[in-house]
Amino acid sequence: MNSSSGDEATLNEVLEHCNDLRLAPIPDVGSLPERYTGTLGHFPVYFPEEIAHAAGLLPVSVLGGGNRLELKHADARMGSFVCSICRSTAELGLNGSLNGLTGFITHPICDAAKHLAGIWARNFPEQLSEILYLPQNVNSPGAVRYIAAEFQRLRGELEKRSGRGVDDDALRHSIRIYNQNRRLLRELYALRRDEPWKLSCTESYLLTRARTRMPCEDHSVLLERALAAARRRTLPSQDKPRVVLVGGFCEQPPIEMLEAIDSNCHVVDDDLLIGLRWITADVPEKGDPIWQLAESFVERSAASPVQHDERKTKEGYLMEMIGASKADAAVLTAAKFCEPGLDEQVAWAKHLDGTNIQYLVLEFEEKMTSFEQMAMQLETFAESLLFAVAA
Amino acid sequence: MTGKAVGAAANIADTAAAFDGRIEGQRLMRDWYKALEEAPARGQHVANVFVMGNAVEILRAFDFQLVFPEINSLQTGVRKTSEEYLRLSEDYGMSPDVCSYVKADVGLILKEHEHPAGRIPRAHIAIASNMCSTFIKWAEIWERLLKTPTFVLDLPGQRAGNWRVRPGDAQHAADARWVEAQFQDLIHRCEAITGKRFDLDRLAEVEDRVNKMVAHWNNVMALNRVCPAPYNAMLDGLTYIGIMNVYRGTPEGVAFMRNLEAQLKTKVARGEGRVAEERYRLLFSGTPCYVSMRRLVELFETWGGVFAYSDYLTFAAGGMDAGDLAYDTSRPLESLAEVTALAAQRGLSNQFFAHERLAQQIRDYAVDGIVFHGIKSCRFVSSGMADTRDYLNKRLKMPSLYIESDLIDPRYWSDAQIKNRVDAFFETLRQSGGAPPAGKSVPPATGRAA
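Sequence lines, in order, name chains A and B. Going by this note's numbering, 180 is the number at position 180 of the first sequence; the sequence numbering is gapless. Going by this note's numbering, 77 is the number at position 77 of the second sequence; the sequence numbering is gapless.
Wrong hints could be hidden among the right ones.
[To be verified] Across the chosen pairs, the derived CB separations fall in these ranges:
hint, chain 1, residue 1, chain 2, residue 2, range
1, A, A281, B, G195, 38 to 44 angstroms
2, B, A416, A, Q373, 33 to 39 angstroms
3, B, T428, A, M376, 49 to 55 angstroms
4, B, D31, A, M376, 53 to 59 angstroms
No lab work stands behind these hints, which were simulated from the structure alone. C-beta: ideal position from N, C-alpha, C; glycine also.
Isolated chain A, as found in the complex:
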């Protein structure tokens, strides 16, 4: 075996493992590494995983049920007009798949997500179930202090549930581990931006998503292996348009949809799993760790349709993504029944109408299983872009 095929085999092995994790249930408490006493579920978008990590609770993102879950209970508990990820998350709770969680934390990203805390309180009173009230105003003086108080409250709750005190040193240790992971994720995205033929959007997504089912330190080891192998890949550059993909900040687009996009475009940036990449630089490892996490939420953070920030208009950050990644075009997606996503899709499209940047509008649902029409749209879009560039 030459080194090139060895790298490919390594990457394939890692990706296969990541895909297995994507389809796997939440880890069983008995299977957790020794330092963990339980799992803490959290809903998109951002959650300060460092606090759970320091408390010995494995943070696991609850990302809905994908397109293989049959809804047997949730249909009767949530209206048909609610987005798929909220309904399938409720289903996972009601069908017992999340029984092992120590708790489930949701966020004020939208009203349907907030209602999940009520559903949890009514149906799973034995679990910690909360809305972590991250502020929608990060611009007024006092925001960091408020977030720090909210994180401190969370710290206290998790200490009670895990039976383990979380001192500042433990938190700093967790911050260091996550900083390392954030650096690797930034490298992953830099590779896609600079040499997109070496790592597809689907592959990058699988690699990133693996963190939702494994300890962060293990995920960093996995990322290092994958990155090293991907960098050495000798795949030729392909004649595909460079696009930015947005709209996957909460509900997860089906993997088949990402593959269809990859087949036609180089996705040079995206907002998939943006919550795992929310903090965009290292969290300072000295000083009060809770304060540093809170300040990082305000000062070193990404953007999404579900976070208001006067410094980051939605059109502004899309244009920054397009500019920084030298994209030719954008794929504007929104999950069906996702109010923030659907509102933003209109805003983005109207804004791009005023530029010479082409875009494609797609609506998806995590549970969708037919992709032929979408693939055809993407093919047509990509062709039109290539012809436009050639002309």
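Position chain B relative to chain A; hints supplied.
Chain B only, in chain A's frame:
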């Protein structure tokens, strides 16, 4: 009683008897729309606000003319013109699956602010709280289309079930401190927009009026615990909360609520109910369907069913009825933050744990059943509704009905289907012997002095 006192009491009774909350409410709403139309000519600054978490007290202290876009949108429904606005916004690109209030407002913008009630002025500032997440997306649309400066007021809500925050405890203090910090920021922005210095005494004056309105409003709500209920929470009540919002902190608002309470007390004293023969006391959970509300209420009233309470009257009136909330006008700004933080948790964001409030209101209003009105364009009220219903059915054995339509989109109103479901609900109630044939005796409410 002296002759003078007898005369005064007779005058009050006469005034109360002459007062008609619905007619007076409609007059006040017309006046408000006129004031909106004339605001630019007066050179008055204009603020867009929502009904939940809106800092109205601060804005009034700066003499802003207040626009309530939700009320504008619902009024297009009441006036049977909403479909035109909705279609305009859908043609523009808005999804059929988003809030119809937002879409009607986008339609209004596309129609150059021409509303069936008059021309709506453009705002100099918009306040959007996080109590309904759609408020923020809505305000971002104004930022985008109208360049309206927006202030997002972040109110820490109820975090979990069985959440108990008491005035002055550490959690409340932390939340109130954050709210006050934002109010300080808002005040600076209002000073920059209006060129006026903030006046704490003005704020205290407004708060004093709000206190009076809230005290009357709480008594008005409590009066409907009496059987027969003197008003229908989902018809008359909608007018009342319109005034609670639009005239909050004004002399007109205080007078309206005072007269309303007096009138309803008179009705209660006479044993007059909203319906001739009250047979079923009901609780309405959710938002109205403004295009067909009168029809919906009629479907229930023909069976002798009256909505004694609705959670809409709580959250859509600012949540101030939820437990002894009154401003301390000797420290107006601090108190505003403290009460706002409490109202957000006890009266607004507790919608996400609706079973707790509803269980209490079922007891307080001695209802025979709950009607849940789910609407696809309002996730704030509807997303957890079916699960709440299931919980209350199991725990309290409370009969319930679930119907679906929309806030203002007439395309989602299916008269025959809803009538069938309402009739079937009452048949079930009747057969199960849910309520005595001529209503039931409920102890009179104990009101609080305003």
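Going down the list of hints, with the structure as the test:
| no. | hint | verdict |
| --- | --- | --- |
| 1 | A:A281 - B:G195: 38 to 44 angstroms | holds (40 angstroms) |
| 2 | B:A416 - A:Q373: 33 to 39 angstroms | holds (35 angstroms) |
| 3 | B:T428 - A:M376: 49 to 55 angstroms | holds (50 angstroms) |
| 4 | B:D31 - A:M376: 53 to 59 angstroms | holds (57 angstroms) |
Every hint, counting from the list given before, is met by this structure.
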